[in-house]
Amino acid sequence: MKIPHYLFGVLFLCFSFVSCIDEQDFNQTDDIIIEPTVEASIFYFETTEDLINTNPDPAGFYTNDFNFDAFSEDYISDNVLECTITYQLENTTSKPVSVIIELIDDGGNVLDTTVLNIAAESATTTDLDVLYGGTGKPLDIIRNTSALRLSAQNLGDNSSVSSNADPKLIFRSSAKLKIGVR
Amino acid sequence: MIYRYVMLLFFAYTFFGFAQNKQIMYDFKEVPQSMLLNPGIETGLNMYVGIPLLSGISFQAGSSGASVNDFFANDGLDINDKIRERALYGMKPSDDLSGTYHLEILNVGFRSKKNPDNFYSFGIYNEGDAIGYWFKDYAILGFEGNADRLNQRFDLSHLKTRGEMVNVFHFGINKRVNNKLIVGARAKLYSSIFSFKSTRNKGYFVTTPGENNLLASTLVADMKLQTSGLNSIKDANDDGTGVGGVLTKRGLLGGDLGVGVDVGFTYQLNRNTTVTASILDLGFIMNSTDVRNYTLKGQATVEGVEVILPDALADPSRDFWQELVDEVDGLIPYEENQDSYISFRPTKLYGSIRYNFGEQNRSMRDCDCKAGGSKGSLGFPNAVGGQLYVINRPRGPQVALTGFYQRNFGKTVSLKTTYTVDKYSATNIGFGANLNLGPVNLYAMADNLIGYKNLAASQYASFQLGINVISWR
Numbered sequence: 000m001k002i003p004h005y006l007f008g009v010l011f012l013c014f015s016f017v018s019c020i021d022e023q024d025f026n027q028t029d030d031i032i033i034e035p036t037v038e039a040s041i042f043y044f045e046t047t048e049d050l051i052n053t054n055p056d057p058a059g060f061y062t063n064d065f066n067f068d069a070f071s072e073d074y075i076s077d078n079v080l081e082c083t084i085t086y087q088l089e090n091t092t093s094k095p096v097s098v099i100i101e102l103i104d105d106g107g108n109v110l111d112t113t114v115l116n117i118a119a120e121s122a123t124t125t126d127l128d129v130l131y132g133g134t135g136k137p138l139d140i141i142r143n144t145s146a147l148r149l150s151a152q153n154l155g156d157n158s159s160v161s162s163n164a165d166p167k168l169i170f171r172s173s174a175k176l177k178i179g180v181r
Numbered sequence: 000m001i002y003r004y005v006m007l008l009f010f011a012y013t014f015f016g017f018a019q020n021k022q023i024m025y026d027f028k029e030v031p032q033s034m035l036l037n038p039g040i041e042t043g044l045n046m047y048v049g050i051p052l053l054s055g056i057s058f059q060a061g062s063s064g065a066s067v068n069d070f071f072a073n074d075g076l077d078i079n080d081k082i083r084e085r086a087l088y089g090m091k092p093s094d095d096l097s098g099t100y101h102l103e104i105l106n107v108g109f110r111s112k113k114n115p116d117n118f119y120s121f122g123i124y125n126e127g128d129a130i131g132y133w134f135k136d137y138a139i140l141g142f143e144g145n146a147d148r149l150n151q152r153f154d155l156s157h158l159k160t161r162g163e164m165v166n167v168f169h170f171g172i173n174k175r176v177n178n179k180l181i182v183g184a185r186a187k188l189y190s191s192i193f194s195f196k197s198t199r200n201k202g203y204f205v206t207t208p209g210e211n212n213l214l215a216s217t218l219v220a221d222m223k224l225q226t227s228g229l230n231s232i233k234d235a236n237d238d239g240t241g242v243g244g245v246l247t248k249r250g251l252l253g254g255d256l257g258v259g260v261d262v263g264f265t266y267q268l269n270r271n272t273t274v275t276a277s278i279l280d281l282g283f284i285m286n287s288t289d290v291r292n293y294t295l296k297g298q299a300t301v302e303g304v305e306v307i308l309p310d311a312l313a314d315p316s317r318d319f320w321q322e323l324v325d326e327v328d329g330l331i332p333y334e335e336n337q338d339s340y341i342s343f344r345p346t347k348l349y350g351s352i353r354y355n356f357g358e359q360n361r362s363m364r365d366c367d368c369k370a371g372g373s374k375g376s377l378g379f380p381n382a383v384g385g386q387l388y389v390i391n392r393p394r395g396p397q398v399a400l401t402g403f404y405q406r407n408f409g410k411t412v413s414l415k416t417t418y419t420v421d422k423y424s425a426t427n428i429g430f431g432a433n434l435n436l437g438p439v440n441l442y443a444m445a446d447n448l449i450g451y452k453n454l455a456a457s458q459y460a461s462f463q464l465g466i467n468v469i470s471w472r
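Protein sequences appear in the order of chains S and Y. Number 10 in numbering that gives the first Met the number 0 belongs to position 11 of the first sequence; there are no gaps in the numbering. Number 431 in numbering that gives the first Met the number 0 belongs to position 432 of the second sequence; there are no gaps in the numbering.
Calculated directly from the structure, the hints in this document are not laboratory data. Positions of the beta carbon are idealized from the N, C-alpha and C atoms, including for glycine. A portion of the hints provided could be inaccurate.
[As the list claims (entries may be wrong)] Straight line, CA to CA, 27 Å or less: simulated DSSO-like cross-link-like pairs of lysine-lysine: (1) LYS113/Y with LYS179/Y; (2) LYS91/Y with LYS81/Y; (3) LYS179/Y with LYS175/S; (4) LYS81/Y with LYS177/S; (5) LYS201/Y with LYS223/Y; (6) LYS223/Y with LYS296/Y.
[Claimed, not checked] A few chain Y residues that face chain S, going by a derived Cβ cut-off under 10 Å, partial list only: (7) ASN68; (8) ILE78; (9) ASP147; (10) ASN211; (11) GLU305; (12) LEU312.
Pulled out of the complex, with its shape left as it was, chain Y reads as follows (with noise of 0.2 Å):
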């Protein structure tokens, strides 16, 4: 049974990996959980508050390397020779595996009375994030051994990983600056429930031609897992007091502290032109609390058992075959600690150049802020441009490129579809909805349709929805 769900839990990884870009919401204006995207963002809101756990729901899928499609799909061919082909040789190390989830529990933002230029939002999500690169080589190893490989060098590398679930307290500032520059920071504190990293192995493991016996089995090691939290969900979980509770208190300030922020800004460069940027999670959590750390280090090189006469004489009692596994523990301890160690958050980083036109919405043109200037570029009714994104991730920053059209049609009624290139699809394009009924606002947009013709072929997906109640200036 545990087999099996070691099984799930590796194609799940393998295959059902997510990334974190949230193209369609960035800079749609319309939607409120734009600003958690952009702190500087461009808003008409007066004010908005999310539903708790329906405001803000976001779920990402993606494989950069291959599709539930390519292993499970109905042809009559044997899933071995699939998994040796498509993924054992098929994928390499650098297709990541990874993924996010996002859900709001609060979410309020509102202007100031006393400043209209200013707009503050706070709230609290609760976040989970893990990456997984291919581990071809372990892969290899354990599906088809060492044998008949010799000076194929196993390298230990390959295991490159990092995750953690968090609730995020915010707090951010929305500034017009002036007619052209609003500027937005947000604060975080996280609250970390649990994170696990092993993202700096080294070593390999190699069988080569003994220098005494046939054969020499080498294994230079240099591998560290640190994990902070799991072992209590472990422990609540073995001794029947409730998963539940150890989450609820480590996320509520009971686990894992950090700290980090949020910046943007839009600006208008002339009456139908803005760019935006954002950087995003620029902050750490330190690891303190429920730590264990699990270490690899060293060299060995083993050729077997070794009797030499006439030295081997002098004890006929030895255990040699004892002392050898003393020797290979002694050369590659295995150890644990519990030594506190930092988590950086995966550092996002939006840009965007769009270019309005039509005729503006009157309403919204007129609008006069205090800073003397109209509210720019909303009430356009439509709208293209390009959008940057960039992640930091532990083999580099991942980049995507997306191209945009938003139409808006009034307040009631936005609607924004992108087409995306990054390493999961070239053929990503995706749609966005904002409705506005009044003082409720409802949100969907869904990813990589034309990944929906055969969704388990489909190496990208991802949705997002929610609701508001949202008032206008």
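Bound conformation, chain S alone (with noise of 0.2 Å):
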């Protein structure tokens, strides 16, 4: 049995013919949004009761200012979209107590300042969330801090000792960061 030549041109003319592609629309990739919002713990301070009462400075009890480069890394300064501080400080000492954040940027100037207070021997934390860019402080904030400085003032006396065991002051900090990918 012979079969045309041209029995091949139809075959493959039929594929051309029944083959076909829905309209697709590649421009959508332009409005792909890539912003995954990213959380870690970025410090933690400790002190005993004992050396709290070591030291009567009305001022405060401690104070100094840390280098902090996360926010200023250049990937994240430049990306950052906003960014949510949540502190929380817990007190099992026998005196009330503020402790005072301030980011610094590189010059050494206070960006932004929180206070927060704890009631002496306090059964619950105190958790503050502070944001960021959207409805919150000025982004610009993050993107500049290079430095966190925390005091702490001791608001009660310099002699009591608590009943708890080991009391202490312990300060927590995490920061969860939206990033701009694309």
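Starting from the two chains in their separate frames, assemble the complex, guided by the hints.
Encoded structure:
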């Protein structure tokens, strides 16, 4: 049996005619939004009641600046869209305490100040979320932060001792950053 | 601009993965290139010469996860929702994103005049092969981050990929042992142009409630990316000396070398029934030139900067942040080295059973082989059968089953249609045609024809075509 050679042409023309493609819109790639939100702890501070009692300075029993380059890393500072810093203060000592956190830029300028107070031997923690960007404080605070200053002030006496086992003042913090990858 | 290329690469890898099964070509005896899929194939050719760069072109595309249409259809839906629904959470880590192409540079075959039972073939072809599995947890982490995902482990083993571009110099012998059995083997010398491999990654990233601080971030990593040849290509591109020169040099035995073998047979069970099998690319490449390996190994848990009094009072000017960074670097060191490594070729296994029927072509049937028999199954107008295909992949063997029907119209026209079930599609119908116009042989094959209704929605497509000069016995 002999098949005409033009059969192939006919077959492939058929495939060409039956093959089709639904309308595609590749410009949709322009609409792709990649904005992951990452979170991690940033700073932990702990002190004993003994140490608080031995530093009766009314201006505060402790203050120090800490290098903190996480926010000022180029990728983060260039792409951060929103940041929420969560602070938590726990106090099992016998005196009320105030903790001040200041965000500081390269020049030593204070960009933002957050104050946390907690009662003596508090059964609950003091929790505070501070939003930067969006409806919160200016995002440039985060972009320019390169150091943290933590100051702690004893608002009580310098002699009492808590009946709690191993009384301490503990400061915890974490940050949640929305990053504009695209 | 770079990001645009990255996105295109992402989509290309994700949605245009390639498979390697050449089920239409396999045991399509009338096509000379089928000898590359089974060196022990039964052939009625006296000689063939492939037209350089036109004799064996194949390209295959498939995705076991999603199609172009799933993301780019002009359906009014938000593409971000489509990506989340159909890629991030719709695809599984076992969905592969793999590919190959094949381009013949030289392909010659001839029957021995001294012993017509022997058929020799040799040539050079260029082949690219790559596979990547859907890096699901990396994608979720990249698109959505780790926030509000306490205790969710992001599995680092989801990054599993390998690929290479290689020139293959080959020489094969096909020998009829007796009336029933034909065996064949092909020796291969691989000249690798480039390769990359990252297939044994382990570890995870997880965020948990901290012991001291609010959160603890833990990274346990044992990751390695091995590359060869990529650096010189990048350098040539950067300094404008020409990538072509590097590709040519490395492809012509100036890069990494390896050896391999194909073996196969055809056995005639009875007048109408034959079984065949072949193992291809049983070999390896020793990567020792222009090697760059990158490793990340170790584990660390961090809870941010920790200042604990009274200990911290000893040195008020301590840089706690830098200490933390250095500690993590020490615990999970990122390192580079130039250690040689071996990459195994993706070994493939084919098998088939074939039932021939109809009146056997007299001219072919009557051929008198030196071994004393006929050409066995050659020349039947009809054949039906089944084929098995297995390829070794980083996540284990990948299998495809094929049923086929072949119709021959003398020596001039042969048509083969296939139905294949694999992880890409359960509705894969393929069609191949071989045409002999005197000494000119033309063939063309296309796969997953149902997908042609809407190519964008198809999860698998392929084509193969070629032109040869042939002569029959």
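Evaluated hints:
Our distance criterion of 27 Å between C-alpha atoms is met by LYS113/Y and LYS179/Y, whose separation comes to about 21 Å. Only pairs whose Cα atoms come within 27 Å are accepted, and LYS91/Y paired with LYS81/Y is accepted, the gap being roughly 15 Å. In summary, the hint linking LYS179/Y to LYS175/S is not supported, as the alpha carbons are separated by about 73 Å, beyond the 27 Å threshold. With a C-alpha separation of about 21 Å, the suggested pairing of LYS81/Y with LYS177/S holds against the 27 Å cut-off.
With a C-alpha separation of about 9 Å, the suggested pairing of LYS201/Y with LYS223/Y holds against the 27 Å cut-off. Straight-line distance between C-alpha atoms of LYS223/Y and LYS296/Y comes to about 8 Å, which keeps the hinted pair within the 27 Å bound. This hint holds: ASN68/Y has a C-beta 6 Å from the nearest C-beta of chain S, less than the 10 Å allowed. Of the supplied interface hints, the one on ILE78/Y holds, with its beta-carbon coming within about 4 Å of a beta-carbon of chain S, less than 10 Å.
Using the Cβ-Cβ criterion of 10 Å, the hint placing ASP147/Y at the interface with chain S is satisfied: the shortest such distance is roughly 8 Å. Checking ASN211/Y against chain S: minimum C-beta separation of about 5 Å stays under 10 Å; hint holds. Contact between GLU305/Y and chain S, as hinted, is supported at the beta carbon level, the nearest pair being about 5 Å apart and thus within 10 Å. For LEU312/Y, the interface hint holds, the least distance from its beta-carbon to any beta-carbon of chain S being 8 Å, beneath 10 Å.
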